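Please build the complex by placing chain B on the supplied structure of chain A, with the hints as guidance.
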Amino acid sequence: MSELHILSVTKQFGTVPVLHGIDLVIRQGEFFTLLGPSGCGKTTLLRVLAGFLMPDSGSVMLGRQRLDLLPAHQRDIGMVFQDYAVFPHLTVAENIGFGLKARSVSSAQMRERVQEAMQMVQLDGLADRLPSALSGGQQQRVGLARAIAIRPQLLLMDEPLSNLDAKLRTELRDEIRDLQKRLGITTIYVTHDQEEALAVSDRICVMNRGRAEQTDDPFTIYSAPATRFAASFVGTMNFIPCDNHGASLRIGQDGLAQTHALQGMCPRGAFELAIRPEHIEIVSGTDSRPDGYVLQGRVEKTVYLGREVQIKLALNGYSLLVQTPVPSRRNLAREGDRISVWLPFAHLVMCHPDGRAGALQPS
Amino acid sequence: MMRQGFDVWKPISGGLWLLLLVFLVWPLSSVLVGSFIDNDSGAWSFSNYLDLWQSRAFHRAFINTFIAGFGGMAGALVLGLTLAVLTSYWSVKGRGLIQTLAILALVSPPFIGAYAWIVLFGANGSVRVFLREWGMTIPSIYGAGGVILVFAFKFYPYVYLIVSGALQALNPSLEEAAESLGVPPWQRFLKISLPMIMPAILGSALLTFVLSIADFGTPRLIGRDFNVLATEAFSLFASEIGGHAGGASALSVILIATSSVFVLLQRYAVRSDLYHSGLVKSRIPKPASGFGGLMVYGLAYLIVLCGAIPALTAVLFSFRKTSGPVFQPGWSLQSYEKILSSLTTPIINTLTYSGAAVCLIVMAGTLLGYLIARRRGPSTAALDTLLMVPYLVPGIVMGIALVTRFNVPPLAITGTGLIIVLAVFVRRLPYASRAVAMALRQLSPSLEDAAISLGYKPWQAFTRVTVPLIAPGIMAGALMSFVTAMNELSASLVLYVGGTITMPVRIYLSVMDGDYGTASALATVLLALTVISVAAAFHLSGRKQSVLL
Chain A
17 MSELHILSVT KQFGTVPVLH GIDLVIRQGE FFTLLGPSGC GKTTLLRVLA GFLMPDSGSV
77 MLGRQRLDLL PAHQRDIGMV FQDYAVFPHL TVAENIGFGL KARSVSSAQM RERVQEAMQM
137 VQLDGLADRL PSALSGGQQQ RVGLARAIAI RPQLLLMDEP LSNLDAKLRT ELRDEIRDLQ
197 KRLGITTIYV THDQEEALAV SDRICVMNRG RAEQTDDPFT IYSAPATRFA ASFVGTMNFI
257 PCDNHGASLR IGQDGLAQTH ALQGMCPRGA FELAIRPEHI EIVSGTDSRP DGYVLQGRVE
317 KTVYLGREVQ IKLALNGYSL LVQTPVPSRR NLAREGDRIS VWLPFAHLVM CHPDGRAGAL
377 QPS
Chain B
89 MMRQGFDVWK PISGGLWLLL LVFLVWPLSS VLVGSFIDND SGAWSFSNYL DLWQSRAFHR
149 AFINTFIAGF GGMAGALVLG LTLAVLTSYW SVKGRGLIQT LAILALVSPP FIGAYAWIVL
209 FGANGSVRVF LREWGMTIPS IYGAGGVILV FAFKFYPYVY LIVSGALQAL NPSLEEAAES
269 LGVPPWQRFL KISLPMIMPA ILGSALLTFV LSIADFGTPR LIGRDFNVLA TEAFSLFASE
329 IGGHAGGASA LSVILIATSS VFVLLQRYAV RSDLYHSGLV KSRIPKPASG FGGLMVYGLA
389 YLIVLCGAIP ALTAVLFSFR KTSGPVFQPG WSLQSYEKIL SSLTTPIINT LTYSGAAVCL
449 IVMAGTLLGY LIARRRGPST AALDTLLMVP YLVPGIVMGI ALVTRFNVPP LAITGTGLII
509 VLAVFVRRLP YASRAVAMAL RQLSPSLEDA AISLGYKPWQ AFTRVTVPLI APGIMAGALM
569 SFVTAMNELS ASLVLYVGGT ITMPVRIYLS VMDGDYGTAS ALATVLLALT VISVAAAFHL
629 SGRKQSVLL
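As they're listed, the protein sequences go chains A and B. Each residue of the first sequence is one higher than the one before, counting from 17 in the working numbering. Each residue of the second sequence is one higher than the one before, counting from 89 in the working numbering.
Please keep in mind that the hints were generated in silico from the structure rather than gathered at the bench. If a hint is listed, it holds; no wrong ones were tucked in.
Once the Cα atoms are required to be at most 20 Å apart in a straight line, the calculated EDC-like pairs of lysine to aspartate or glutamate come out as:
#	chain 1	residue 1	chain 2	residue 2
1	B	LYS545	A	ASP92
2	A	LYS328	A	GLU288
3	A	LYS197	A	GLU46
4	A	LYS183	A	ASP209
5	B	LYS545	A	GLU110
6	A	LYS328	A	GLU297
Which chain A residues face chain B? A few, computed with CB under 7 Å, are given here:
#	residue
7	ALA66
8	PHE68
9	ALA88
10	ILE93
11	MET95
12	PHE97
13	ARG119
In this text the structure is predicted, and so the values were computed from the model without any measurement. Where is the CB? At the ideal position from N, CA and C, for every residue including glycine.
The following block holds chain A by itself, in its conformation from the complex (with noise of 0.2 Å):
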């Protein structure tokens, strides 16, 4: 087991260019996560890997081997999948032995290997029912128990969990992942669901329109966005225009003294700045404060979540959504009134026009 490497990965179908030169190191034993919406690429790129798709350039290399030059088949590469392509027509334990059949391995160390793989996704005791007496979830540990007991040099999930409902999402989630540590295999894990990767990666790579935006660990990815794409896909995020006259700073529709620290810190031109709901806070009166902007509006509704309330705040020319611990009910804000917040700098986030994002840089 080594490193993968993925070097200028292109794919197009027909004409319609699907990846775009994709560059990734994935190291050993990590759990990596391509995250972003349908269509960007990510299914195609993990297909790629697999073997299912041939890439138009570029290579990909399992330390010094070169994995795209052999068919599928020889990769010793495991996969589990969406729709879980559990064999119908065979038992659980014939399924989890499948791919030990085609290896040739002893029928003695075929069964001892079954029922390991068995014990590590808890499917003890089901080995002679067929998939049809399987609920989703069961399904789901069958396909990831055949996948590892082949001892694969890699583990690749296609969104192995977005046909689940809720509750069993979360639990499984963290069944792979506890197993992925202690099995220690390289894991190229696919979703769309950002709390799922932010929850089990090691590092997250947000891809958007056939390209990798930004590869880090999920603190980084949620605190630190490196494109506007990638504060917005993650989590979620206010976004507020603005633009630097040089004589005047307009936020939304408002002017901006050019005395506030806030335009130092910002460049020429059009722009935008983002935070994210939690980080506002409310606070009393509208007394500036240098090491954040503070600003008035009316709270349009509030959406009471028990643990927190979520209000929406009208401004001049744009919205805020502000996230707030709950405060006694006497100070619940109500709709129609105005409330004044704070936009701490450290929070803020600059978003260029070119989709490049970053921290606010003091002056």
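Below, chain B without anything else, positioned relative to chain A:
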């Protein structure tokens, strides 16, 4: 850059192309080319078409074909639609029996129908004789009316099965919604349900039209002077044998063209079947009671029993005492003794040829179905289109095409059993490959991907995962192909020689000779084999009616 290694599906695709080109396109090209070659001079000309144009016999046959087609269609539509509506809206007891009787009518070959109606209502038919003793005379079955009657009772099950399928797929909430909006019952059916099942009605109607104009046995046996294009082509072919079959070829081309128009219309009608409702709760039929209930029961059972008359008659008459070709009072197994002593050849031939054809159909059909469902590409799309052709070509035309192409080297197989096998193979192949393609579309492609990722070569993934999963579907399709192969008359009639005679041909000849005892016994054997195969296919397919269509 070729990175994936050898793709076994490329040579398979090539082989299938070759097969279809040699045994479908090449023979049909002989009909097309032959139709433009003058019988006397051997030069290119339109003389064959001009002769037809001036022939009054042709004019009559052309008009008669449409009379038979529209008549059969109208009759089948009235019967099938009535039965479908009755059994969908009212709970009629014995639904299983109704279905079985309808299916019996569907699978029993049309020429058995024609012959059974002759036995009952022919010149000396039992029913007519019986009625005559009571002083009643009814017109004999022969002629246009008889042909239409046979078609109506033979083809109504198509309409019944397709339309009741569509009615079942209809969300009953729609009619309930209309009811809550104050629409009275009759208008609910006319304004809500009828428009939604219209594609099914239209599609099944056109299907019965195509089947009616392609049928050869019925007009031949029961039509007397009522000649249609199919019978006319056969007569011309029989009289031209030895020389160029220019006239028969030209007639064949016209027959193909006519049936093509309606097959394409049918495809179009079925394609616009857009009304699918996702959540389907099943319709709860009203109990049939009182006078209305009596009418419902009477009508439903009248239709299916009349439809089953031919099959029942054949069985009944096979046990009657005969002296020579004439029926005598009383019962005996004489007819069976006769076929066992002197007519085993057609039975053995039929089983051998049908068995061989089905083996070929299963192999080629499975591979073709896989290509169509899983390997889309320009070559596969062209193959798929080519597979439309057998739907357009009536059996008699296929027979003529094969004879004219293969009676000279390099492939002089006319007069052998092989050519009969090939005729069935080519005609039935599209049904089998479509069925396989349909079964495959319901199977997730990731199953094969999973097997490949686990270390199996693509070909092994196909044979170890896909084939076992679609095997019941393949078997059901094979049995239905076996049924059509056994019952195939029109192509075999052109292709057979003494030693390669089949059961349908023997039955046809016996009826023409008036030897009804032998015909009944053979027909009963054929019917028994058919019913067993259909029952097995029905069982294997998980009781899906679509396997029968």
